[in-house]
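Protein chains in written order, with my numbering: chain D, 1 to 350; chain C, 1001 to 1158; chain G, 2001 to 2383.
Take the hints with a grain of salt, since some may be wrong.
[What the hints assert, rightly or not] Here are the computed distance ranges between Cβ atoms for each label pair:
(1) D:Lys74 <-> C:Asn1093: 54 to 62 Å
(2) D:Ile61 <-> G:Ala2304: 56 to 64 Å
(3) D:Glu49 <-> G:Glu2256: 51 to 59 Å
(4) G:Arg2020 <-> C:Asn1093: 31 to 39 Å
(5) D:Glu75 <-> C:Asn1126: 40 to 48 Å
(6) C:Asn1126 <-> D:Ile77: 33 to 41 Å
Hints are computed from structural coordinates only; laboratory data are not their basis.
C-beta: ideal position from N, C-alpha, C; glycine also.
The residues making up each chain are set out below.
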Amino acid sequence: METFNFLDKIIGESILSAVLSALLPLIFLIVYALIAILGELKISAWIQERLGPMRTGPYGILQPIAEVVKLLQKEDIVPTNANRLLFNLAPFVMFTGAFAGFAVIPFSPAFAPAHINLGLYYIFAVGAFAVIGIVMGGWASNNKYSLLGAMRSASQMISYEIPGALVVLTAAVLANSLDLQEISLAQSGPFWNWFLFGGPGPWTKIWVIPFTLLLSLIFMITSLAETNRTPFDIPEGESELVGGYHTEYSGMKFAMFFFAEYANMFIVASVLTIVFLGGWNSPFGEFMSGYFWGVFWFTSKAMFIVFLQIWLRWTLPRVRVDQLMFLGWKVLLPFALVCFIVLSLYRILY
Amino acid sequence: MEITEIYNKLKDKFGDSVKDLIISPPSDAFIAIASDKLFDICLELRDNPEFDFDYLMCISAVDFSENLEVVYHIYSMNKKHKVILKVSVPKENPVVPSIERIWRSADWHEREAYDLLGVVFEGHHNLIRILLPYDWEGHPLRKDYKEPETYHGMKVPY
Amino acid sequence: MTTRKFIDIDFSRIESDRMRLNVGPQHPSTHGVLRLEVELDGEVVTDVIPHIGYLHRCFEKIAENVTYPQVIPYVDRMDYVSSMNNELPYVMAVEKLMGIKVPDKVEYIRVIMSELNRIANHQIAIATFGLDAGAFTPFLYLFRDREYILWIFEKASGARLLFNYFWIGGLANDVYPTFKEDVLNIVKQVRKTNQEIERLLIYNKIFIDRTANVGILPADVAINYACSGPVLRGSGVQFDLRKNEPYSIYDRFDFEIPVGKGEVGTVGDSWDRNIVRMREIEQSCRIIEQAVEQMPNEGDVQQAIPKKVRPPKGEIYFRCENPKGELGFYIISDGKDKPYRVKARAPSFVNLSVLPEISRGYLFADLIVILGSIDIVLGEVDR
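Chain D on its own, in the form it takes in the complex (with noise of 0.2 Å):
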C-alpha cells in the first residue's frame, strides 16, 4: 500500500495543506479527550457498581463538555511565593510536549501529520518534554507536596525511559526502519503477521512469539510508568502527595495538565498500536482494509489500549516509589534487553 499525506494530493504541498496537516490532530485531540475522560467516569463507574454521571444529557454524556465548562469557569489561583513566569509557563510546556507527539502518528496510510523518517525518536524526544513540565510545575509552586511529586516524576520517567526505548530499539530492528509508516508498512497482512506475533515470515518464526509478547507486556508496562497512570501514579498520588505535581493548579492550568495526561495517553496507546498491533492494517490481511478503514483499525487499536489503561487503573492498588525503581531497572531492563538481543539474532539469522 501506498503512503502518502492526502491534505497534499487534495490542495497540493504547500502552507495550507500543512497548517491543516496540524489542525486535524488537534480537533482529533479535543474530541479523543472528551471521550477519554467519558469513557473514564462511566469505566470507572461500571467496574465499581455505579451508575457514574446521569444527569447531563442522556446517561450524562454530556459530562466531559460540564466538566471542561466548570475548569474553564474557575478562578486561576497562583500562590503567592511562587514562581509566577515558571508556574504559569508549566502547563503549556507539558501539553506542548503531549501534543508535539501527534506530529507524526499515522493515522492512516493516507494521512501522517508529517512525514519524517525518525518518527519514533521523533516521539520520544517530545515525550521528554513532559518531564520538563512536570518538574517546572512543582518545583515552582513553592509546595513540599509539589516538590516531592516532581522529583518523584521526574526519576519515574526518566528510568522507564531506558526499557521503552529499547524495546521500541528492537520494533525498529524488526522493521527495519525508524519511519513509523514504514514500521506500519512492515506488519501488512492478516494479524499473524504484526510485530505481536513476531512480524512476517514462515511458520518456523514461531519461536519468537514469546520474545515479542513479553516486549509488548514490558511496553505496556512503561507506558502506564510514563504517563503516571495507576499502578503508577506515585508522582500524583493522592492519598500521600495529595496531588503531586498539579497540587497547586486550577481552572485552565489544571486543565492543560488534565489534557496533556490524556494526550500522552493516547501517545503511548498509538506507538504500541504503530509497533506491535499493526498500526493501521486491518486484522484481516485485505479484507476491511483501505485508507479509511485504516483510520477506524488505528484508532480502535489505540482506543483499546487507553481502555486497559483506564481498566487497570480502576482495579490495581499502587506501587512504592523503591518498588517501582526496582521494576524498572532490575526486571524490565534485562528482560528487554535479552528480547533486544535475541530478536536481533533472530532478524540476522532469517
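Given the coordinates of chain D, work out where chains C and G should sit on it, guided by the hints.
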C-alpha cells in the same frame, strides 16, 4: 493475684509509701499510695515476675476540690489480674512523678491529664498540651475552671 | 516475649537539614483532622510528631454537666463509625454501678447490634486502608455492604450513624418484626463480599508488596504502648476482652480470636493488622448467627430501665472490646444524677501514640499505609 495480696506485698516492700487499701463495693478496690514513691512502686509492679503488670490501661486525673487525684488502672496480660493505684496531690502544687519510662502508653495519658487538669508529671520528656491549643490558658476539667472571654480575639462563650 | 527496652530510650533528635513536611489537618489520608509533623530525609521518614486535638469537643467536660442518660448521645459521637460499640461499655458501666440486671433479650440485641457495627467498622477500616494504598474500587464495594448494615440500624433505631439506641437498663425500642431475617441476609452478603475483597485486594501482589513488612510492631512494644484491638492482635498477641474477660453474654458464643501470623511478611506488619480485621468480620458473622438463633422473641426490652438514673456513690472502670480496641469508661459517681467525672479511655488515642515508634525509617508512602493500618477515628482520638 488478688488486690489484697498485691497490697500486702507492696506494703512489705515500700512501707508507709503504700497508704491504704480501700474496698467499698460496688466500686473497684484500689490502693492509695504516696506520690514520692510512685515510680519505684510502678517499676516493681512491672518488673517483679510475681506481679508482671505489663499493660497500663488508663491514667485518669480527677479534681476533688482540694486535691487532684491521679488514678492508674494497670493490667497484666499474662497473669490476668489488675490493680488500681491512686495518688492524691494538693491542688496548689500538683506534682506527680512520671511513669512514662515504665509504660510508654503513659506518655499521652499524662499529657492529657496535664492538659485538662494541670497535673504536672515530673520527668516527662515532653509535657505539653495535647488536646487543647498549645497556648491555651487554664485547665478546663478542673471544677473551678472559668472559661476565658476571648481566645485570639474570638469570643469563646456563645 | 518480653524484652523490655524502653527504660533508657534516647529522646534527643538530631537536627540536620532535613525536610519538615506538614501532613494535615486537611489531607486525604489522615482520616479526619489529624496533623502529622513529618521529618523527611529524602523520602525516608526520620520522625513523626502527631498533633491532635482539632476535633476536641470537650466530651468529658460536657459529661459532667448532663445527666447519665444524656451522656449517651455524646458517647455516640466519639467513634462515629461504631457508635453501638461505644454505647455498650458506657451503659454497662452505669448498670454495673447501679446493680441493674438487664433481660436476656436486651443482651442478645445488644450483642447483635455491636457485632454488626463491628463488621461495618472493619469494612470501613479495610476500605480506607485499600484507599491509602491506592486501590479505589474495593472501597466502594465495602461501602455498598456497609450501607445494608446501616439500613438495619436505621430501621431499628431511626438513625444511621448516631443511634442513642442502648439505654441504661434496656433499649430505646424493640427491634422490628423481620429483624432476624434481615440480619441473616446481611451475614450472607458480608461473607460474599469478604471473599471478593480477598481476591481483589488482600492477596493482590501489589497490595502485599505495599503492606507486608511495613510498620512492624513487635508484641512487647504493642503491650508496652497499651495497644489494643486489631493492632495488638496483629502483633500475634491473643487477647480479646470478649474471650479473656467476657462481658455481657459473650461467654455463650463459640468464636475464635484471629491473630497476625506473618503469613506474607513479618508478624505485626500492616498486612497482619489488616487481615485480623478481615478474619474478625468472619468471627462476628459467626457470633451473629448464634445470637440470632438463641435470641428469645418475647420480652420487654424496657422493663429494667430505671425511673431515675442515680447511681450510688462510687466509681467504676469498665472496658469493652471495641472494633478499634479496648474502650474503657472510668465513671465516678457522687450520688447525684450527674456523673462527677467520666473519663473515656479511647482505643484510637492510645493506638495512635505508637505511630512514631513504628514509622521511623520507612518511606513516606509507607507512613500513610501504617497510619491506615492503625485505623483511627479522630472523633475518638480528640473526644
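Here's how the hints hold up against the structure:
no., hint, in the structure
1, D:Lys74 <-> C:Asn1093: 54 to 62 Å, "59 Å, holds"
2, D:Ile61 <-> G:Ala2304: 56 to 64 Å, "60 Å, holds"
3, D:Glu49 <-> G:Glu2256: 51 to 59 Å, "32 Å, violated"
4, G:Arg2020 <-> C:Asn1093: 31 to 39 Å, "37 Å, holds"
5, D:Glu75 <-> C:Asn1126: 40 to 48 Å, "42 Å, holds"
6, C:Asn1126 <-> D:Ile77: 33 to 41 Å, "38 Å, holds"
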